[in-house]
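Next come the chains, spelled out residue by residue.
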Amino acid sequence: MADHLKRQSHKKNKVSKKPGKNIKKERKKGPRLPVSLYRELHLENHHRYPIQKESECEEQEYEGLQLRNSDLPSDIYEYEENQAPEDSLKNHRFDSIHSFEYELPSNFEDEEIDEGAADGEERIGQDKSSKQHRLFSYGKKRKATTMQRSDDDVDEEISSSQSEDLDGFEGDEFNEGSNDEDDVKEKSWEQEISDPEHDTNIEAKDGDEDVERHRKTVEAVHMLHKKEPKGMRRKRAGILSEAYPESEFNLNPHGGDTMQQITVEDLISPLQNTPGFGSLRKRVQQLEKKGSVVDAPLPKALQDRLNRKAGYEKTSDEISKWQDIVKRNREAPTLVFTQRPDLTAASTAELAAKFVPTTNLEKEVMELLQENGLVESTTEANTALGHNKLTMDEVKERREKLAKLRSMLSYHEAKAKRMKKIKSKTYHRLLQNSRKGNTKGEDLIDPETLKEAAIKAEFKRAQERMTLKHKNTSKWAKRIIKRGIKAKEDGSREALADQLRTHAALTRKIHAIDDATTSEESSGEEDSETDSKNGLSSPSKPKTRILAKAKIETLKLLEGNAEAEIPTSGLFSLPFMTRAIEKKRKQAQSEAFAVLEELEQLENDDAHIDQMNFNLEKENEKPASYGRLAFGDMAKSIPNLKEEEPDMLVEGNTSDEAEGEDVQDIPEFKKKAFSSRRRKPKDNAKINPSGVELQTCEKPVTDAVWKDGCNDLIDFNASVEQGHEVDNNVPKAPDVEGPNVPAQANPWLYGPVQGIEGTFTKEKNTIKQDTSGPLVVSASLEVLTSPQVRRKRKKKKAKTQKSITPDKGQDDKENERHLSSNDSEEEENQDVKEPRFQLSAENESQLELIQRAFAGDDVEADFQQMKVEALNDEVPLGESVLSLPGWGQWTDVQKKKGPPQWILKQQEELRQGREQALSKRKDFKMNHVMISEKMDKKFAKFMAPQLPFPFTSREIYEKSTRMPLGREFNTDQGFRDLIRPAVLKDAGVIIDPIKYKMSETRTGDSLGRKQEILKKAKSFRSEDKRKRSNTTNSFVSNKEMRQNTVQKI
Amino acid sequence: MLHQSVATLEVHFPTVPLIQFPMDLHDKKLRGKLQYGEKLINQSAKAAAKFEQWLLPSEAGYLEPEGLEQTKNFSQEAIVSNVDISSARKAFDIQLPALGPYTLDFSPSGRYLVFGGRRGHLATIDWKSTHLVSELQVAETTRDVKFLHNELFFAAAQKKYVYIYDKKGTEIHCLKEHTFPLKLEFLPHHFLLVSVDKFGSLRYQDTSTGLMVAQHRTHLGRCSVLRMNPYNAVVGLGHNNGSVTMWSPNMSKPLVTLLCHHGPVTAVAFESQGQQMITAGMDGKVKVFDLRKYVALHAYFSKSPAKSLDISQQGLLAVGEGSNIEIWRDALTSKQYKPYMTHHLPKGWQISNLLFCPYEDTMGIGHSGGLSSILVPGSGEANFDTFVANPFETVKQRQEAEVHLLLDKLQPEMIALDPKQIGSIRREPKEHSQMKSQQALEANRAAAIMAGKLVVVRHKKKGRDKPTKRQKRKQNNIITAKRPLIEAQIHSKSSLKKAKISDQTLPLALRRFA
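Just so you know, the protein sequences line up as chains A and B, in that order.
Going by the numbering used here, the final residue of the first sequence carries number 1049, and the count climbs one at a time with no gaps.
Going by the numbering used here, the final residue of the second sequence carries number 10514, and the count climbs one at a time with no gaps.
Be aware that one or more of the hints could be misleading.
So, partial list: chain A residues that the calculated Cβ filter (under 10 Å) puts toward chain B [to be verified]:
{"no.": "1", "residue": "Gly484"}
{"no.": "2", "residue": "His503"}
{"no.": "3", "residue": "Ala870"}
{"no.": "4", "residue": "Glu915"}
{"no.": "5", "residue": "Ala917"}
{"no.": "6", "residue": "Leu918"}
{"no.": "7", "residue": "Phe924"}
{"no.": "8", "residue": "Asn927"}
{"no.": "9", "residue": "Ala940"}
{"no.": "10", "residue": "Lys941"}
{"no.": "11", "residue": "Phe942"}
{"no.": "12", "residue": "Pro945"}
{"no.": "13", "residue": "Ser960"}
{"no.": "14", "residue": "Leu965"}
{"no.": "15", "residue": "Thr971"}
According to the in silico footprint, chain B covers these stretches of chain A (three or more CB under 8 Å from chain B) [claimed, not checked]:
{"no.": "16", "stretch": "355-365"}
{"no.": "17", "stretch": "948-956"}
Hints listed in this document are in silico derivations from the structure and should not be mistaken for laboratory results.
As the structure is a computational prediction, the values presented were derived from the model and not from experiment.
Even for Gly, the Cβ is constructed at its ideal location relative to N, Cα and C.
Next up, chain A with everything else stripped away, as it sits in the complex:
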């Protein structure tokens, strides 16, 4: 406060110092701006022109309200130049000399002198406002000033002395004043001083102290000054800060030393003499002792914010505990709010215990029962239940048992694991052997046992051969066979097969140990088998082989005999023994020679037979059109034979001979070969049923329409059979040819019986009884094809007639079974090869005939045409301008140029577009297929127009609908699971709000998860066990199954 006063005086001094400057200024009168506006303006100005303001303020102080527009120079006549920029430190042209030392202004003393005037002014104000007088120390002079008001008040006082207008704006006035020297400092002062609490008198203290304090303040001020922005720098710091002792009225805001901090003590010390001071001090002391100084409450907004934050945390904690429950409920496929009926069935004992006789009859009955002791008391029931309890020992025993079992299991487990790890093959083989039977291995080693076993086996074999015990001779087997083996009686069939197997095993001859010979033999057998299969039927071959073998053996023996040494020592070296040996050897030799001779003779015989067979084969080649065919290796091996001309046909061949070799490598013959092979197993002697019918084959076929032309044509089938019969039973010369051979009945003639009924009669005339093949063929062609094709065909007819000549061989070919299979590729090849049609009639097959028949039908071209039309329809070439009338047609030159370029370009674009569209079609590049890609509008209504909501991709949606949900496609349980609604609720069930349970929260969840894992582990282990014990396996699975079904049903 004192400081302020001093400042004021200082201002006044200034004023007084330059009276000429301001006094000349006139008091402005007339219209003026409102006060607030002034103030605003002023505020602005003093920021801009801080120096000018000083003077202004002074003016203000003296002259009250004036126009204070600082934009204008305060006095137009007296222009005070601002400091030159070069002088200021701003542009740093000179060395910056900062003097932070506080220097008292030179005219300090003058201030003092002028004090009086200022004091006078003040005094006036003081007198006006209040009568209170207080001593106020002022510097060293201890000038007492009466002061009651705050700093603001002082200003107010000053201003109000001139005008009352400013009464309400003391604060602002003060600010104005403060701006004269230093804003910040003033503000700090203001803070301190404006507190009304400090409005008390304080005695001034010593001067030394003051000096010290003063210094500090100045320093602080300088520090503040440094912080100021550059633009706001003061030209001079003409600040005087006094150093009053600390008091409630003059508090040191900065604190400084702890010694100089204001304490409560300091504050209450002035109250020492007032009544009640003691109690106050006591309370203060107590407070200090406790050391709990309550902080000032935070601002309301901050408090609220903190409150909210804390509340949020609390509630989020509260809510987050529900999170798991909510999540689970959300994820649950179905929420169930149904009443669960109490299904715990009451036992009879329980019911009996609860029973209380009510009616008289019941009571009577009860009495009677009780009398006779027939009623079990409830206590009895309870005791019965009590019996179920286990004693401690029992429990222990059980536990031990279980533990033992468990340990055993684990032991076995470990063992199995170890065994499984062993990778050695030999080990496993040995293990397997040992499992099969430990004795076997020993048997193999021990010759004695081996022998015994062999004898045993031989005996068994003999027994089996005698009794035929296992050859379905039993009553049971006979019965089964009689009844017929059916698919359903798998068991019995298997048993029968088993018996046969045992029989076979028992009666099997015990082969020599020499594997090589047996394998050779078997291979030889196979060879002969295949030979016979292929119709080569050379029984002599194995025989010769055996003979050769025997020969070799005997020769060996002979050689061995010759070279054999006579033992020189031991028993055998005795003379009589050697003689005996020699004799025996000679005998053997002679015998061997005899055998050898015999063998050679036999061999010669065989060779003869072979020769005969060979001749036969050659003869069989001649009728190339029938009989068995050869393919593959065999076909390759014999081609040379084909060239040889057959001499004669041997009559009375065996069936094998009838199906003699025919070497053909042309595909169609292969086909026939297939069919002929299929026929082969058939008994030749057996007469085909249709063959029997053959004799009456002239009788009309039942088909009504067919009947007409039937007299002329012999039933193809019949002819086929006839041919076959003839082949088999009545061999005839291959060169027999004649018109009486069944007409060229083409099998495919019979196909369209139904299809040609209309047209057949028309063509009937062309078919004559006498005509041979060609005419019939042509007729059939006529019949088969549509009129357009027929027209085309007519041209070709002549050719075909020429080329087809009736031939016995051809007939024979047709005799073969007709449905034969072959690689389609081969057929395709044949389709492609045009020259085939030019082949001679002898080699012409059925297939070719058919090809010939449909040769005129260019079906593929027709189809292509059709496809092109359809594509034109489905993928039209867009509309384009072909020509504009009159455009480009005026001159010949234009006409020659053709349509303009842009039209051509447009057309080209359209064409390309169409080609692109065509290339995207499914049937693009498929020459034989045409797939319509028109949209099926009627079907489209069963399709979803767009993706349903939660889905974002078509693939996922279509995957999700891939399995039908219907009852027909799922089990009952599955169906019900699949269609169960999200919420199941029974009528009348009240849905309670969810209750919070610890077990359901996360901890509970984790517990549950643990349990689950444990369960899984358990089940896994049990499975493992099950795998190990095969016997229990089926039982368990059955049981499970039953349970499952029960559940499901």
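Given chain A's structure and the hints, the job is docking chain B onto it.
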């Protein structure tokens, strides 16, 4: 139906693994749902597989040769002599040589048989007991007979029209739209009677409502080969130009046209799963087609063209030509080189029709001498599902089944090549979508103009309310209404252009800066 589904599940179970829905399916809820669904499906399939052993006790067996024997050489006499009496009784011949070649059809359960002679002899018999149910002479050419949804009704393709008779042989309907029918087929799930006529017209008639569903002209001439694909109810026709066409009632053009043979097609048969088709042609070939790729898998060559084809429930293929029948096993999946069984009709009787009996190991043959039935071990499905077909059905059961059939009836529009497309997302051709957007745009424009016109033009003070000015204002209203549309169009165009430019000119790495 359960067991059938189980059967299919059995087939598909290993091929339907649990789908792992991609993790980039960001919608957690949806993913969870789908995964749960997958789990259920998996469980369901497993459970169904478990049920199998309870519900499908019987196994199909085939002829088994011993040693050098071959099954194709087994004669019917041998087979008959080796089977039980009840089975042996199923092999028989009915000799009716006078009324000439017979066609036949089995009821869905395989218990009843209807047959019709070319000369108008129609009869139904109880197949198992060989008890004659009804017999009648219509005294006109009868080309085909067909049972409807059960044994109570059958249709006959007679000389001029298709007639429907009931069990007793009473004529119920004369379908005069079906003129000169040659072949009949019945689609049981759709209740559609299909006929093809002398002029190559295909007709669909709903037998439950009596409405004519569709009439298509094939433009391929006379057609007497008609067969249904049991998988998708698409009908296959065999034509004289060697092509097979597949039809649905929805489309007036064939869905697929396959060029199968060089000569006329004589017979067509479809496998029950709809994956393979067999055709026989006058060129003497029997071809197996894969219907997924429309390519011929392999071909068999028959010397005389096969007249009739059929595939049994267990996948045996029967080929009838002339008086011979060959039955092939596994002939569809891979090429076989010898038939499983062969049979020759006595007396040179010509086969006109052959059909495997459902749920029985027998085959019915209609031929020129009457009817024959032969035993074909392993041809029929061993386990029947009473929800699908019950050979031992009582009257009550039949009545209930009929109601169920009607309730489960499928609409004729649902016939398409891929029935699994039902419920999938519609993929419209570009033109369709373009047209639609164009239409929408135009509609919006028209609406905008209308709205602009409807804005009331207020009267203004004098001098400003001249007719010209009023007119101008009206025009202005319309322009302002149209403006946003036009702007949007321009914007979209420019953005398209921009996109194009950025796509074309900039290198890939720089496109994101465009």
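Hints, verified against the model:
1. Gly484: holds, 4 Å
2. His503: This hint is violated: histidine 503 of chain A lies away from chain B, its Cβ roughly 14 Å from the closest one there, beyond 10 Å.
3. Ala870: holds, 7 Å
4. Glu915: violated, 16 Å
5. Ala917: Nearest chain B Cβ about 9 Å off; hint holds.
6. Leu918: violated, 14 Å
7. Phe924: violated, 12 Å
8. Asn927: Hint holds; asparagine 927 of chain A Cβ to chain B Cβ min 8 Å, cut 10 Å.
9. Ala940: holds, 6 Å
10. Lys941: Holds. Min distance 7 Å.
11. Phe942: At about 5 Å, which falls below the 10 Å cut-off, the nearest Cβ of chain B leaves the hint on phenylalanine 942 of chain A intact, so it holds.
12. Pro945: holds, 6 Å
13. Ser960: holds, 5 Å
14. Leu965: holds, 9 Å
15. Thr971: holds, 5 Å
16. 355-365: violated (count 0)
17. 948-956: With 6 residues in contact (Cβ-Cβ under 8 Å with chain B), the coverage given for the stretch 948-956 of chain A holds.
Checked against the numbered hints above, the structure violates hints 2, 4, 6, 7, 16; every other hint is satisfied.
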